[in-house]
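> Here the protein sequences come in this chain order: A and B. Reading the first sequence from the start, the letters are residues 1 to 492 in our numbering. Reading the second sequence from the start, the letters are residues 1001 to 1648 in our numbering.
Hints are computed from structural coordinates only; laboratory data are not their basis. For glycine and all other residues, C-beta sits at the position ideal for the given N, C-alpha and C. A portion of the hints provided could be inaccurate.
[What the hints assert, rightly or not] Under the rule of at most 16 Å between Cα atoms (straight-line distance), these lysine to aspartate or glutamate pairs were calculated in the EDC-like manner:
(1) Lys1437(B) <-> Asp1427(B)
(2) Lys239(A) <-> Asp1281(B)
(3) Lys1542(B) <-> Glu1557(B)
(4) Lys1620(B) <-> Asp1295(B)
(5) Lys1266(B) <-> Asp1214(B)
(6) Lys457(A) <-> Asp1483(B)
(7) Lys1583(B) <-> Glu1412(B)
(8) Lys1160(B) <-> Asp198(A)
(9) Lys1209(B) <-> Asp1151(B)
(10) Lys1107(B) <-> Asp1079(B)
(11) Lys172(A) <-> Asp309(A)
(12) Lys1350(B) <-> Asp1295(B)
(13) Lys1571(B) <-> Asp1069(B)
(14) Lys1059(B) <-> Asp1069(B)
(15) Lys240(A) <-> Glu1182(B)
(16) Lys239(A) <-> Glu1182(B)
(17) Lys1307(B) <-> Asp1281(B)
(18) Lys229(A) <-> Asp1281(B)
(19) Lys229(A) <-> Glu1136(B)
(20) Lys1134(B) <-> Asp237(A)
(21) Lys239(A) <-> Glu1136(B)
(22) Lys1542(B) <-> Asp1559(B)
(23) Lys1197(B) <-> Asp198(A)
(24) Lys1267(B) <-> Asp237(A)
(25) Lys1365(B) <-> Glu179(A)
(26) Lys1643(B) <-> Asp1295(B)
(27) Lys240(A) <-> Glu1136(B)
[Unchecked claim] Each pair of labels, with its calculated beta carbon distance range:
(28) Pro451(A) <-> Asn1211(B): 23 to 31 Å
(29) Thr310(A) <-> Asn1364(B): 35 to 43 Å
(30) Gly482(A) <-> Glu1123(B): 26 to 34 Å
(31) Asn1373(B) <-> Asn329(A): 26 to 34 Å
(32) Val461(A) <-> Ser1246(B): 53 to 61 Å
(33) Pro451(A) <-> Asn1364(B): 29 to 37 Å
(34) Glu1182(B) <-> Arg232(A): 22 to 30 Å
(35) Gly482(A) <-> Val1088(B): 28 to 36 Å
(36) Pro451(A) <-> Glu1182(B): 16 to 24 Å
(37) Asn1184(B) <-> Ser194(A): 29 to 37 Å
(38) Gly323(A) <-> Asn1373(B): 21 to 29 Å
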Amino acid sequence: MKKIITTNRRQFLTGAGGFLLSIPLLPSLLSQSASASPSNSVNRFVSILRRDGAPIAFWPDLNFSDLTKLAPTAHGIELSKIQGDLSYCFGEKYNALRNQMLILKSINGMEKNADHGSQSILTAMNYKKFPENTGSYPAYESIDQMIIEKLYENDPFAKQLNIQYSWSSKRKSYSYTLENGSLKNLPAYNNPFSVFNDFFNFSNNDSQIQIENNNLVIDKVLEHFNSVKNNRRISRDDKKRLDEFAQEIFETQKKLNEAFPKNSCSIPTNVTNDNYTTLADKIELTFKVMSLAIKCDRTRQINLDFNPDTLIGNYFNGKQHHGVSHSNNADTVKIFADMHKWHHDFIADFLVSLQGEDPYNPGKSFLENTLVFMSNEIGNQGNSSQSGNDANHIRVDVPCVLFGNVNSYFKTGMYIDYRNSNTHKNGRWYRPVGHPYNQVLTTIMDSFGVPYTRWEKNGVVGYGDYTGTKYSKSHPDIMSLGNKRDPLPGIS
Amino acid sequence: MLWKILIIFQLFLTISCVPMPKEKSDLLFDENSSASDFDNGNRSPDSISGIDGIKSYNKNCMSCHGVLDNSAKLDSTLDSISTAIKDVDEMAHLKVLSEEELIAITKALKIETESAFIMPEVEPMCIDEETVPKTESKVLSATELSNVIKDLFGQEAVDKVQVELSSIKNDSKSGFSTFQTEINAILIRSYFHIMKKVAPIAATKIIGKNNCIDDLGASKKDDITGDCINELISHWGLKILRRPLSANEINSFKSLFESLNEQNIKKSLEGLMLGMLLNPDFFFVFNNQGKLIGDTFTLNNYEIASKLSFTLWQTSPDNELYEAAAKGELTERSKFKEQLDRMTSDQRAKKTILKFYKEWFQLNKEVPNSYTNHFLSPNFDKGEVAQVYPRAMIEADRFLEQIVFESDGKFEDLFTSNWTNLNGLNDISEIYGTDEKSRKLPNQTRSGILTRAAMHITGSNWKHPMHFGAYIRRNILCDELPDPPADFDVPETKAGDEFASNSRQKFEKLVESPNCIGCHKSINGLAFTFENIDPIGRSIEKEKLYDANANFVASVEIDTKTVPLIYYGDKSTVNNGVELSQKISESNKAKQCFSKKLTKFLKGRNIVSHDGCDVDNIYKQVKSGKSLLEIFKLQILNDRFFKKRVNN
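The following block holds chain B by itself, in its conformation from the complex:
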């Protein structure tokens, strides 16, 4: 008998240890896949060897030769690659690549010469409209936690835990504050200490309320009746765990309250509240109580309420939403839409939606004030510009608010509108050379967000054109760019020996080597179109040069004409940032990039394979001319919003 069991067990082990093939979609791209993976959909793995030459190029060649689309080595032959690996010391480590892999890379580099092949600007990403991705359950981010604590217990409670909240960090590379917080020891300890500090304040709030404790005139724990404690647990249980508690749960919390060796009401309530606040259903959002079909849950009313509230307000539901959930209204699409409209018109939703744009455009940096008076002249002196960046951000905020909320603006307006509101911002109007009351910026030099002062203020006399170019390439066009080599020493951006050279000429020279130009070919054309905007955001006709000690050296001519290479095969030129902004507004690639970014923001994580349909939906809505606000709301009305699939 025993040997039979052993054989069956052995068989079980054998079966369970054989790697199971992944789903087709997982093979195409996984969580680590890059933006360029999505864009290069047509260039599939080599049909003979099965090796993906694009991935192989990205892994082995991109850091030196640049993004494939703009690679310095397009059209290389197998021989030339093999010879380079043999002869070039820096490539010696690539000797491990097989011939099949080199052939696949060569094929990937061949695309330009194959006349029959036309590289599309964007590729559809949707695989299966019915299937949502498998995801881990969400945990509250620092912002959400802060908002929830404030809503439940007041600003005083948030103030007490500022230090601990600052320990909770989201994925810094994502750029979006909605991103999933990584669960690690620091996060959990922070969370623990936050709740330890919040619980006493929570207890005070309960005592202060007009509730059964007051009615009973209770002065010690034993004075509180069983019914009263049940009432308190039900009330606060709903608020904290965002759903009604079961009878068992109420009994469990009640037993905790009774077991505490404490007669002081406040202290006892403090223990009870700590028990609730440390409950996993407070910090995690599981969304697994609804109908389960296969591996997909359909969210129930309370889960929908939470998801809607966290998506729009970054906090837990308000009373009205709970009431709608209690009546079962949120699974009725028309009632749900009523709530969506109500909540979208609230300031909290406005704040969340604007946050997406501010984070996408990276309008949240810290800048120093290292300008010199010579640079600032004739408009300012050093003492006047300490607040110039925060005030330029106000102008950018007003612009975004106008486009998204006030004017029913569309994607194109973000890059083409020259609307402004400079009321009370006399220094920013000075920068633009415009009257404070004017609602239009000069259209020869300003067009949309990329030309606003807030995007160009560096806090010192020197610009960082490469940073700006790389920002556009990565964030507005969603192309993948490797970081510069770790040991690369960026020389001074200021004038050195070549006093007559403008910064464009210096940078171009700096990156002309084969090791740099691969990537910089796709950065330079975006970077230098904005050379007519100086590091405090003014329009300039000549560039002021300074030496390493910030002493003025000379004024030199500037050149803003470039080939921005928006997408592969695009050889057109632009004369300045206004033309580039126009081009971006028309670009399908930028529209798809926006769609990816919005999907990431709403999901709070990187895109995985089954998110492709969400990206495509947004892209179609942008293309069809829907307003930015409507697009945001449509994502929440999508059937996929109400589903969750788990990894079991």
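Isolated chain A, as found in the complex:
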């Protein structure tokens, strides 16, 4: 009678001499990304795009003499030292968030013909608006696509959440992938109810019995792989591929087994229909669903296009966001600041909701390992006399505010100014000394462990477009480009 030899998943890889290799314990058998992972922490990245530039009231009211030199091109101050609220737009709600916050001043977009357009937020390129320009530099996928590889160790099970909530238009997201060398703009949800349905309306993670059954299936699958591999008709090359295939299946199942639900995730049952009636309701629900998605680990990467809906007029005497962004009239400049504050308060509530303990990163809050990057398609709208808004939309002095520290990579609780003086204080800075917006993006990628070899294309050093031709005001010659692979100074 033949002896039947069965092999389970722990014994699958059989060496030439008959030795059984212990799959999960041999580092050489781990995937490259898993080996490179700096820690077992769960990191997340959230970007929030605002539109139409920032008003003067966005910035803390600081004189250059208030700042301390942090690096040759960086001066800063701890946010805790700022008296009163941080600024008009970052009102009272942000006081509890100061120690998790990093405000960057004098960051300049260097994209060719930079103007309106969400495409540059995570790419530092303006190719969508001027596609014929793209021949001059490589096409770059957006940074979230590369960061997500780190967040999920290249696991396609990764689920990204792109939202743009405007009722009046159904735009795509500002996340871009590369397909056959061409950029592809990913779709976005424009309704929090749909997000909830897709991200939560399915059964919770597998039960223990299901996990055991899954293991039985995988044992059988690996037995079949072994049987095929031992067939003498199988080529050497195919055997190698079968090994690779079987190992990855085993590891993937192992990961799924380890992904037990955490206590932090309590899915509400009352999100049952599209029942919001006002813009504020919809925004509030959007942020709640985002917060929930993070806490339940339904996603580790979110991009929110916080696009001012036309319904904003209901809250501001019929005024529209874009219209007031161009105004020099003191009353409408004030409305522009109020609109920003109105939006910022929703963001603050979201950030505060992430201050609870994070069971995926014991001893830390959710926010600490969730980098929230708040930026704008346009730069500082304040004119040089600080009396009103400039009529032009350009990417000079782009607002960049970060929350969370990603395993202490960022030293938060700081305001950092990359100018060497502040002649125009918070108004638009016409000689754009400072650092390029591209460097903010490369710094963020660096914080998540994305190496420059991943973001650079065709051997061109740096990321995105550095040509900066718009109004000749962000020309590379008068910017502190430094080493394009280095992170921003003063942030650690």
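Please arrange chain B on chain A, whose structure you already have, making use of the hints.
Then chain B, alone, in the frame of chain A:
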């Protein structure tokens, strides 16, 4: 005794570590060999040093001086090359080249002046008609996986796994969706998650069928009898693994079903189906069960069924094909041909065959809509052209369908026919300046696929003539072209200071430097023949120029007369794209290029040495005037289709 064993072992190591000479064919060209390697067959390695001057030129000189056939440095002497390496900073890194290597490069550059040497337009590639190349086993591509899931479990299952399917990418540089998917961690995880999502739907499909579970009235797993589960495993095993299961295999799946700690029938079936869907015989196509002679397998009936079905339909066999395989009919050539004819007339085969042409002509790009109203006038305004590219593609699709399927068209027709069907495409007929009901485009400006609107629509006011020229050089003529230097900043294609210059003059000036002209000599002549077609596909007599902000500047004269340098030594001129298309249709080089492309598409990988006979067969069929559809079918009827050789 021990020392004897050690000596024998040492001897074994010594023998096994001596590099074995490769086969002759592998020395001539391997998987990485370029198209130009094939075309330059006569210029063999230097007879004295053994150094291949062509390869050495391609490696060290081509990026600056261009393709050898059109090199800016033809006829250079050893002295001039040595001096340049010594004096020109950009060439300093070439100081490492030996004198023998420089002599070989010099000889390669000498071809033009050697009157006795006549460079043929194409070279035969076949080495050994009997031997097929050694290849890895195929894995299902994303398209195939999607089709198989749909056929087995319905569209609902495919919809559930769209995200995961999009993670499976094939070789993006190949340009063909049939290309072998690279096995890596992302692919395997995607595959795993796809099957995890598909398995529950698969279980539902089994329960919903009129089968033994229904007959038994089973409400829990224990109600299902052994015979019933055997029946289900046999039925679904054939469908999923594309062959009948052995008794051992049936028992193995049965033991899995029984071992699951679950009484719920659906859940138990879900586990069973996941076990089947993750089986290596589902995802891999090994083709190693047939007769083995030497290192070559002859495919058995079920393997032939799968190969035929994946080649024509990009999915697994249908019931009729399985029945033919079960009767052993597919190894009989006449019966096989019956199946081939049946399947070729099916819409799925039509889709696959058309896919080859659409991918070859790159009719699958995404274009923006950045036209200005001034540019679009007088035919359109901006709001009317949002769908112009997809609709131009419909016109191109109809054209290809007509040539390949409806009119028994030949290779030449692809480049010369002005047939069209513009029904329901009023915007495209406006572009062509033709009535919607007309079946002919104006023959002065339109001739075949290269002159169709879909090939020229860029989505903005500006053309990309160099891209188009390089596309023809690489894809229609199969010449190798290096990419532009990574740090090269392409200036604006629009009018700058020289408002009076047309875009041809600007581009010519842009690439006139010695570093560029080497390659551009072979691009320009192809690019500028189409200057009379604007970036939305209209025929024009004057070109509109715009500044960097898309403001109109001027209308200028255009010039479409060029020397396209189709092949080495071809100095003839063409007056426009119509003449160029005609010339391409007559060109042996383009015919061989088509043969290479079709071979790549059908094999789903780059060409290796022993594929040369397939390329030559297609080339002969094209030359003999066979129709495009017949040529496609003949590749499947070829004896080589039924063989597989492995690397052991």
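> If a hint holds in the structure, say so; if it doesn't, say that too.
Status of the hints after comparison with the structure:
| no. | hint | verdict |
| --- | --- | --- |
| 1 | Lys1437(B) <-> Asp1427(B) | holds, 13 Å |
| 2 | Lys239(A) <-> Asp1281(B) | holds, 13 Å |
| 3 | Lys1542(B) <-> Glu1557(B) | holds, 5 Å |
| 4 | Lys1620(B) <-> Asp1295(B) | violated, 29 Å |
| 5 | Lys1266(B) <-> Asp1214(B) | holds, 13 Å |
| 6 | Lys457(A) <-> Asp1483(B) | holds, 13 Å |
| 7 | Lys1583(B) <-> Glu1412(B) | holds, 10 Å |
| 8 | Lys1160(B) <-> Asp198(A) | holds, 11 Å |
| 9 | Lys1209(B) <-> Asp1151(B) | holds, 15 Å |
| 10 | Lys1107(B) <-> Asp1079(B) | holds, 13 Å |
| 11 | Lys172(A) <-> Asp309(A) | holds, 15 Å |
| 12 | Lys1350(B) <-> Asp1295(B) | violated, 34 Å |
| 13 | Lys1571(B) <-> Asp1069(B) | holds, 12 Å |
| 14 | Lys1059(B) <-> Asp1069(B) | holds, 15 Å |
| 15 | Lys240(A) <-> Glu1182(B) | holds, 13 Å |
| 16 | Lys239(A) <-> Glu1182(B) | holds, 15 Å |
| 17 | Lys1307(B) <-> Asp1281(B) | holds, 14 Å |
| 18 | Lys229(A) <-> Asp1281(B) | holds, 11 Å |
| 19 | Lys229(A) <-> Glu1136(B) | holds, 14 Å |
| 20 | Lys1134(B) <-> Asp237(A) | holds, 11 Å |
| 21 | Lys239(A) <-> Glu1136(B) | holds, 10 Å |
| 22 | Lys1542(B) <-> Asp1559(B) | holds, 9 Å |
| 23 | Lys1197(B) <-> Asp198(A) | holds, 14 Å |
| 24 | Lys1267(B) <-> Asp237(A) | violated, 36 Å |
| 25 | Lys1365(B) <-> Glu179(A) | holds, 10 Å |
| 26 | Lys1643(B) <-> Asp1295(B) | holds, 10 Å |
| 27 | Lys240(A) <-> Glu1136(B) | holds, 11 Å |
| 28 | Pro451(A) <-> Asn1211(B): 23 to 31 Å | violated, 54 Å |
| 29 | Thr310(A) <-> Asn1364(B): 35 to 43 Å | holds, 36 Å |
| 30 | Gly482(A) <-> Glu1123(B): 26 to 34 Å | violated, 53 Å |
| 31 | Asn1373(B) <-> Asn329(A): 26 to 34 Å | holds, 32 Å |
| 32 | Val461(A) <-> Ser1246(B): 53 to 61 Å | holds, 58 Å |
| 33 | Pro451(A) <-> Asn1364(B): 29 to 37 Å | holds, 32 Å |
| 34 | Glu1182(B) <-> Arg232(A): 22 to 30 Å | holds, 26 Å |
| 35 | Gly482(A) <-> Val1088(B): 28 to 36 Å | holds, 32 Å |
| 36 | Pro451(A) <-> Glu1182(B): 16 to 24 Å | holds, 21 Å |
| 37 | Asn1184(B) <-> Ser194(A): 29 to 37 Å | holds, 32 Å |
| 38 | Gly323(A) <-> Asn1373(B): 21 to 29 Å | holds, 24 Å |
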